[in-house]
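Enquirer: In order, the protein sequences belong to chains C and Z.
The opening position of the first sequence corresponds to residue 165 in the numbering used here, with each subsequent residue numbered one higher.
The opening position of the second sequence corresponds to residue 6 in the numbering used here, with each subsequent residue numbered one higher.
Hints may contain errors.
Stated by the list, open to error - The following label-pair restraints were derived from C-beta to C-beta distances:
1) S259/C x G42/Z: 46 to 56 Å
2) M6/Z x R649/C: 21 to 31 Å
3) A419/C x G15/Z: 45 to 55 Å
4) D334/C x T52/Z: 31 to 41 Å
5) C43/Z x A464/C: 37 to 47 Å
6) K14/Z x F459/C: 26 to 36 Å
7) A413/C x Q77/Z: 14 to 24 Å
8) T52/Z x P815/C: 53 to 63 Å
Stated by the list, open to error - Chain Z regions said to be covered by chain C (calculated; three or more residues, Cβ under 8 Å):
9) 33-41
10) 46-55
11) 64-74
Source of the hints: derived by calculation from the structure; they are not laboratory data.
A virtual CB, placed ideally from N, CA and C, is assigned to each residue, including glycine.
Here is how the chains run, residue by residue.
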Amino acid sequence: MQQPFPNQPETKKAPSLDAFEGADSIAVEPRKALESLVGNTPPHKQVRRIALVGNPNTGKSSLFNALTGLHQKVGNLAGVTVDVFEADLNLPGLSAPITLQDLPGLYSLSPRSADEEIVTRLLLEPTASSEAPEAIVIVADATNLRRSLFLYSQLADTNLPIVLALTMADVATGLGLQTNTTLLATRLGARVVSVNGRSGEGLAELNKELVNLAMGTVPKVAPFLNTPLPVPSETPELTNKAKAKATMARYQLLATLLEGVQKQVTTTRVHVTEQLDRVLLHPIWGYAIFLLVLFAIFQAVFTLAAYPMDALDAGVSWFTQLLSANLPDSWLSRLLVEGIVPGIGGVLVFIPQIFLLSALTGLLEDTGYMARVIFLTDRTMRRFGLSGRSVVPLFSGLACSVPAIMAARTIENRRERLLTILVTPFMSCSARLPVFTVLIALAVPDIYVLGILSLQGLVLLGAYFIGTFFALAAAWLLKQFVRARGNAYLMLELPLFKAPRWQALLMEAYLKCRVFVLDAGKVILAVSLLLWLSASYGPGLAMDRARLKATELAKAQKLPEAEAAALLATAELEASYAGHLGRVIEPAIRPLGYDWKIGIALIASFAAREVFVGTMATIYSVGQAPDQEATLLSRMRTAKDLETGRPVYRPSVAFSLIVFYLLAQQCASTFAIVRRETGSWGWATGQLLGMAILAWVCSFAIYQVMDRL
Amino acid sequence: MRTVADLKKGEFATIASITEGDGEVSLKLLEMGCLPGCRVRVSQRATGGCPLCLEVDSARLTIRRETAAQIQLL
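Same shape as in the complex, but just chain Z (with noise of 0.2 Å):
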């Protein structure tokens, strides 16, 4: 499955799920507003994609690789 740190810079996606984890991360990631079915944007990625920005509504979330692998994509 997709997630966004699969997503190129710039592109368009619908998040279907957030996978758990230790619980913790992704609460935060529901919590700062990445909910199923809301739409994201990449709109920063630093080399290699770690960190990179993540639009979601209109606020721009920095976040590491590791935590955009979380966020499964439709």
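In isolation and in its complexed conformation, chain C is listed as follows (with noise of 0.2 Å):
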């Protein structure tokens, strides 16, 4: 039974609880004992936290954008480790704001994957993290009303007060339902707002709704069967079979309850989504079109993403002149010019690269078309152990391994998410890059095929293949040793195609962005300090002996002026404590066709794959004045291997260095966040190794075999 109540009046009503004044004359069973509560139901303690919740695809996004405009910020849950979004709201006749939250899509509160586990615990167990929701706006869609209520029934019996928003309502219409409001507020027993996320009707009267909800005067809703929702933790016991009894006598009382609320007013029934599907998910337009849209995005990022990303290079190389041209010469203003500002201007190219592919992925999101490549491409991933619902992660990898982790969650089959995670990883990130356009510019021709096709953008098109290749190789390797745990099922809505949201997708684009700066920012921000740090200083003085011998053999082999300041750059380095470290890992990696330089930033980029430049662009200029990047590739191209005296980015060495980099695992971001995901060090460390052996395997085979050529 629900708690007993203690018999206090209600301190404030509402002027829209009016319409629900006839709330007690329903004749339902299970709810007839609840009727006395009903009236004098005690006000709620006021609340600060209130979070939207409800089915995936109701419109409950494009509702919280409504509610809450621009203000809208990623918030890290603490205790349950999910990001959402929130934004914090004035209301009238609030003295403090409220924090509303958008919490994921789910169907039900027996959670089928880690993002619905996630909110279910928030929900049933508040205690899970220190900022979970108080009260809730349940986000009911009038086009599928009776699984929408499915949920709603659930949370009625909690103890969590409850508004409902009935969304969709204009399509809804266009299908030919008519809805009645008043009756199905009247029948619940609770507050139903009717509202419109883009035309804004409604949105008044959910605002009203909300300040009761967070001064505590929204009574409580019927609870709907007499039993209140266990929680989950506390009954592991409770069956699948028990469950599924209780879903049944949900429905059944919802059919009850529902009876009359909604009306086929006319036959109209074929929405412009039946005859769109008839064309994207045919088993040979299909594939055609999404072939077509995959070769768009490609473009899109590649193409249209090179100059807003020439512009912030050129950009930073400028304000480094700037800076070292002005600033007078002393360790700090050094540490600024070849440690900061180049780590800082390293994550700042990727934006618009991250902010397209975010932008582009969200489109296909909100559109409705990325649930049809789920189902086209289901088939096909499954052979991999994969699940259709892998291409998002895949194909958000290309931008950052990090979201696309963690958009693995919508997965259900935990063998299908545990591979997506580990595989993701191989998917060329925009990390890559930077480092592929360095190492290419070494060793390919800049020549064109056919006259049209850059031979070099060739090269770069066949890394992205490549990493494509392992990422699926390595799945169906994976798949032959993890055990399948569960059932390999995939449930998955495919909503109605519906026109973008174009504010809100460059929001969203716009706040991940800010979140890969601001993480990946510290990580390099700390790295670039570090080597600076540590290439520049040495053990003892055995820097300054190393000077000193450098300008003796200068002066006696009379190198021109440029000669003698590269080798006493070359001599300061090699002392330094992270020549010591280049030297020390050298025997491991002068197989692969690298020298100790190349170790040092091989060691840097294990933190962050994306320092390599910035470390060679270090390494190349400690001591000297800064570099633009093309001073940094003729620098490349003409270091001479001092034993052999050839030149040690040939493409044998380059070429090398690419397969390294495509295949490594080199991100702590990366590595924190499957450790997080899988819940284990073991799987995070394992992924680590084996792509650092893979690598190293690849590696030796290219420049063995190339170098022979």
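Please dock the two separately framed chains into a single complex, following the hints provided.
Expert: Now the structure itself:
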């Protein structure tokens, strides 16, 4: 039974309650016992955090955007490690702002995937997180009322204050469905607001209800079944059979409650979605269109993003030169010019790509096309032990593995989810791009094939294909070893197609970039600082001795000034802490064709691979004027191996490096997220080691073969 | 007994029962509204009938063939 209510009168009645005054007069069995409670329900306590909860594709996010405008942020809910969109709202009549949360969509409170599990825990075990919602707005889809209300029926049995927001009424009208909101409110014994996030209809009323929720003046909704919902962690023995029984009971009651609430007034049932699906899910045309969409996205990300990236890059070098020309020569300004600015610049350069890729992925999800992609690819992906749903993480992995691995939460099956997490880092992320750009420029001549296709561009495209190939091959291999747990089922709703919410898409892409810059930025900044320090200082007097020796050698050989400076810089670097480290690992990387300088870059890259270029810049510029990329390239091009006299970056070495950076998991953030998402150090470490070994073997093979040709 | 896996594209049918299996999938099917007595239609079938798209109420639910075979028809 519900908790006994202390007998207190309602303190304040909102004007909008008038519509529900008839709430006591329904004749549905299980609610009868509660009729006496509906009238004199006490106020809840005042609350600060209100969440939007609902099925996926109910227009929940569009409602959230309409309510919050552009004031949202990505909040990380402590304790449950989930990133949700949040916004602080100042509502008239409230002394303090409330926090509105947009929780990931779910169908029921018996979770089937990791993201549903997180939401369920937040709702049923509020102690799980200090930021768990204290009241909820359930977003119900008018085109799918019965199923939307199933979730309501479960939440009604919790102690959370609830307001029901009915969305998609316009689409329902288009389908010929008419909903009697007042009757629905009466039957449920709850407050119901019909609202349209796009047109703004009903928003004012919903805002009033938010105020009521915040002030604790929304009466408790009538419970559904007469037993409160069991908390999962307290009742693990609750069987699926019992849950199935309860589900049937809830639906049975819903059928009674919904009688007459919705009427089919016309018979024009064919929505444009059905016609579109005929083409988009077609066994031939469907795939053709999918490939076309993929191609278009690639074009956008690599051609379109190149312009702002070049501009950012140029801006960073301009700023560096400006600094070095105007700052007095001190260790602080050298740290700034050689360490911090190139480090931060290295992060900034990725923003256009991540922004575009996030916005485009968001566009596919928002319109409903992504669900069709899952439908189309599921059959193929299953052969590799993955799910159609893996397409989203793998695809997002082209921008950054970290959000991609989090996106794997929607995969129902544990094995499919685990494999997706393990192979996603093979997808060539945008952090690899600057590394490839430099290496390809060194190894591949700048010529055009057939007059139009840049050979360098083709090699780059090849790298993406190889990454994808290894992701699928690794999944297939892992599938043979990872034990299958639970049923490998897929249950995915194909939502109605709808126009994208442009503003919200841009907003979300911006927020993703922000998270990337802040998270990756911290790592890269730390690494570049550490690297600069270890490359600028050495143990004891080693640096001084090396400097002296190099100066004498230069004098003895009567080297021109530039060459003498280069000799001095190399000698200093070799004597530094970084140089010592590079020398230590040199035996392990010699077979791949790398020298100790590349060794330094490799070590630094295990924190974040994108520091490669910055590291190279630092290594080739410590003690000298700072560089632009062009000069870095020319320096790398002319660098000679002191022992053999051959160029350090000959094609065999450059390709070996490309393969290494393609296959190795060099990213501290990815390591951290894999540990968090799999809940195990073992998988994260295994992935790191496995990919490193694979990278070593493949680079070894490539170098040994190419160097002998 | 015929199941949803046997339905042709566009064919209507009524659900008789859900095979329990390990319990999880059948529970999910029920929660998604696939209840005995429900009128359903296969609106799309990928090559080989896996996955397929099942219309329940006005929602389109994509499921794999094995799951479809758990939904028995009248």
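Enquirer: Each of the hints needs a verdict: does it hold here or not?
Expert: Checked hints:
For the hinted restraint 46 to 56 Å between S259/C and G42/Z, the CB-CB distance of approximately 52 Å keeps it satisfied. Checked against the hint of 21 to 31 Å, the pair M6/Z and R649/C passes, with Cβ atoms roughly 29 Å apart. Taken as a hint, the range 45 to 55 Å is violated for the pair A419/C and G15/Z, whose Cβ atoms sit roughly 27 Å apart. Between D334/C and T52/Z the Cβ separation comes to about 36 Å, which falls inside the hinted range of 31 to 41 Å.
For C43/Z and A464/C, the hinted distance range of 37 to 47 Å is satisfied, since their beta carbons lie about 43 Å from each other. A hinted range of 26 to 36 Å for the beta carbons of K14/Z and F459/C is consistent with their spacing of about 29 Å. At roughly 21 Å, the beta carbons of A413/C and Q77/Z sit within the given window of 14 to 24 Å. Distance hint for T52/Z and P815/C: a CB-CB separation of about 43 Å, inconsistent with the stated range 53 to 63 Å.
Check on the region 33-41 of chain Z: 7 of its residues sit with their Cβ under 8 Å from a Cβ of chain C, so the three-residue criterion for coverage holds. Note: the region 46-55 of chain Z has 6 residues with beta-carbon separation from chain C under 8 Å; the three-residue rule is met and the coverage holds. A stretch counts as covered by a chain when three or more of its residues have a beta carbon under 8 Å from one of that chain; for the region 64-74 of chain Z and chain C the count is 8, and the coverage holds.
Hints 3, 8 from the list above are not met by this structure, while the remaining hints are.
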